[in-house]
Amino acid sequence: MRLATMAATLAVAASAATAQELRVGVQNMAPWLDPGRDFSNVGSQFYVNSFDPLVGKDNTKAESVWQPGLATSWTIVSPTTMELKLRPDVRFQNGDPMTAEDVVFSLERIIKATFVPYTVRKRDTLPNLASVEIIDPHTIRVHASRPEPLFETLMNTQQTMIVSKRYIMGLSGKPDAIEDSDYEAFALKPMGTGAYRVAEFIPNQRLVWERFDGYWGPKAPFARVTVTRIPELSGRITALKNAEVDIITNIPPDQLDLLGADRALRVEGMVTPLFHVVIFNTQNPKMASAKLRRALSLAIDRKTLNEALWQGKAVVPSSHTYAQFGPLYMPELKTFEYDPAEAKRLLKEAGYDGFTIRFDTAAAYYTNGLLAAQAIQEMWAAVGVKSEIKVDDRWTGGDADMMARNWSNPMYFPDPVGSFGIMWAPTGNAATEGRYKPDAAFEALWDKFRYSTDLAARKDAYAGLMRWISNDPPVLPLYQPYESFAMRAKIAWKPLPGHIPYVLDFRAGRISVVGN
Amino acid sequence: MPRFVALRLLRMLATLWAIATVVFLAIRLTGNPIDYLMPEGLDAEGRRAMIAYWGLDADLLTQYASFWRGLAEGDFGLGLMERRPVSEIFAERAGRSLALLSLTLMVTLGIGVPLGVAAAVWRRRAMGSAVLFIAFLGYAIPNFVLAILLLLVFSASLNWLPSAGATTWLHYVMPTATLAAYFVAALVRYTRNAMLDVLGQDYIRTAHAKGLSPAAVLLRHGLRNALIPVVTVLGLQVATLVSGAVVIETVFAWNGMGDLLVGATLRRDYPVLQFGVLLVASVVIAVNALVDLAYVAIDPRVRLV
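So the sequences go chain by chain: V and X. Sequential numbering of the first sequence, starting at 1, is according to the working numbering. Sequential numbering of the second sequence, starting at 1, is according to the working numbering.
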């Protein structure tokens, strides 16, 4: 008994949270951290605390309200040129001053990428940017190839956060040259201008931040933040109840009541700017009929899926649109609907002969993914479509035999270009992988939408794109999932609607400890 | 003796070579890391560039040759996921996994053998039956169930022990207890049976007859002779222990070697998996060599020839 009491005392002493330290239990930790290169939901949780973009944003609001970031002001000099005034006296976390050379380097390592992982980001995020020019030590110009309506948006993305040229060059090989190995080394020792510096990073395991006292903005509220990977849900919940951690991530909806009932704990959640979707391989001859795919879309009762799987907390969209798009948020578009009678009619017209449709899904990658697939199988059966579920953790999006599968379409930046476009533009992921082929009409509409600097013209073109998608669907957004977090009752924190999905923002004003 | 050591070393190396080759082929024949690592939305050219970036564009023979060249030079390659030396990845994780395994082995020996002897000596008393019953429970309960029960009681309800991580000695209590439960139970049963065999032998009666104290008979004549099968079983159980640790490390968020190997298997992270399997195989082979040496220490009739 004495041993037990001693153990208890030690456990409590070891786990007592101070105002100085925040301890976070996450489901997954990233294998490397480089904001320019990263597109994953795991790494994206962390960058905002350690890196800054040129153009800042009020993340408490869903729509984009731009604020000074590492640039204090900017002007759109011409449709293809943006000029930015750099904030003076910004220091990197190693003490070096941030210079115009660093800014050019940060952007051009992607715009003019030679390192293969960056070339991928050039293609999907910054294809229209051509070069960056230094006007004077505190002024730069970003040049685009074609008129660019999204300059502010692009200068606010995770991919364009600013890094240090000198630091990266010195990480491996020759200290005055940029080599691929420098980028590899940087991804293991990330360093930026943000409010917290990475004090320790153990890939796939642990990330420790310490307050960066030389930060140009409001000082970080915690001296230290420890983020530990606790892969099992039960492990995360136990660690939280046992006060070993202060916040945990990835709580499925069925646990919310249980955790909410504990007075020592609190739950927070938000509908995430991300769609769980069903996609079709329009290039598989079996799936070529647009009528068949429309029927498959119309047969899915997404409202029931939401109520059964998400306790009604998810949001079923009428179109591929998010509130985060601001003026381009268009819930009035009715692109995707539920109409089983129409589905049956279309199936007859399509001449569906009863062949079995293969529906691919990962076992546990998407919350409720497998359950949704099983429910969809039943809904298709109800209109007379046979299907089989193939559970496989591999990505089969580029597989010519794939017919249908689940996927997610996150919002990478707050514009349809940064969500619908990343996946479904003529040069987007789906077309590049060869499972979807937009025609000339779609390409013309896309061109107008992507490069027009007139808002009304962009809205009109997007409505046209959605009509095209509705008539010949390669995708059906099911719902925007409701992502939940649990924390000790004394922690005041919540996910913010102005971020991309899953971001854990622990900067000043975003989190506080009650009683401190 | 030198001949024995040389032969034994050769056999160990041959075993390692066979294991490495089987693993090298098996992981390549059953999946491709490209399916897991490739960023979505790449065209054919992009895919080719990424495959070259991971060094997976070489044919099988070239990969096999460079794998052995690397081993010979002590360079085990870069992990495909983490893009840093495999030896560095393991250095961070192997220590705490090996500590857990060693601790479990010590607990198993320290508790299993005495309880087994007790169960044999008191075989006709309630105490002996009680020990056997508890051993039966430890043997029957799956380790992940026991882990969750312990978490529920000692972390979630009583808040006595930490549930996740491996930073203090308190973090070792529940994982060791969980992992040891099965092996203690197994060892109790083996020791008891071996002791019962030995205690029925003529030389035990002789030892009693010549007036030795019961403790001396039990330990010097009984236990020492019973230990040979017990040590053999213990050696064989080390491999099972490693696989048990994989589950336990996940439940207790240990971020150890088992967890690393499961992730590497799922994603076909060739360099990590190859190094990990070789490391585990080396541990098992080394333990078996120790078992052989233990025979010599326990039984004077055994010679190294």
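Hints are computed from structural coordinates only; laboratory data are not their basis. One or more of the hints may lead you astray.
[Stated by the list, open to error] Label pairs and their in silico Cβ distance ranges:
| id | chain 1 | residue 1 | chain 2 | residue 2 | range |
| --- | --- | --- | --- | --- | --- |
| 1 | V | Ala440 | X | Gly55 | 38 to 48 Å |
| 2 | V | Thr139 | X | Leu278 | 34 to 44 Å |
| 3 | V | Glu179 | X | Ser87 | 17 to 27 Å |
| 4 | V | Asp262 | X | Thr21 | 45 to 55 Å |
| 5 | X | Gly55 | V | Ser40 | 14 to 24 Å |
| 6 | X | Ile111 | V | Lys490 | 16 to 26 Å |
| 7 | X | Ala91 | V | Thr453 | 53 to 63 Å |
| 8 | X | Leu10 | V | Thr114 | 26 to 36 Å |
This structure is a prediction, so every number in the text was calculated from the model and none was measured. Glycine included, C-beta positions come from ideal geometry on N, C-alpha and C.
For each hint, the structure was consulted:
1. At roughly 41 Å, the beta carbons of V:Ala440 and X:Gly55 sit within the given window of 38 to 48 Å.
2. The supplied range of 34 to 44 Å is broken by V:Thr139 and X:Leu278, whose beta-carbon atoms lie about 56 Å from each other.
3. Distance hint check for V:Glu179 and X:Ser87: the Cβ-Cβ separation is about 22 Å, which falls inside the suggested range of 17 to 27 Å.
4. Evaluation of the 45 to 55 Å hint for V:Asp262 and X:Thr21 yields a pass: the beta carbon distance comes to about 53 Å.
5. Roughly 22 Å separates the CB atoms of X:Gly55 and V:Ser40, a value that falls within the hinted 14 to 24 Å.
6. The given range of 16 to 26 Å is broken by X:Ile111 and V:Lys490, whose C-beta atoms sit roughly 42 Å from each other.
7. With their beta carbons about 54 Å apart, X:Ala91 and V:Thr453 fall inside the hinted range of 53 to 63 Å.
8. Taking the beta carbon of each, X:Leu10 and V:Thr114 are about 49 Å apart, not inside 26 to 36 Å as hinted.
Of the numbered hints listed earlier, those contradicted by the structure are 2, 6 and 8.
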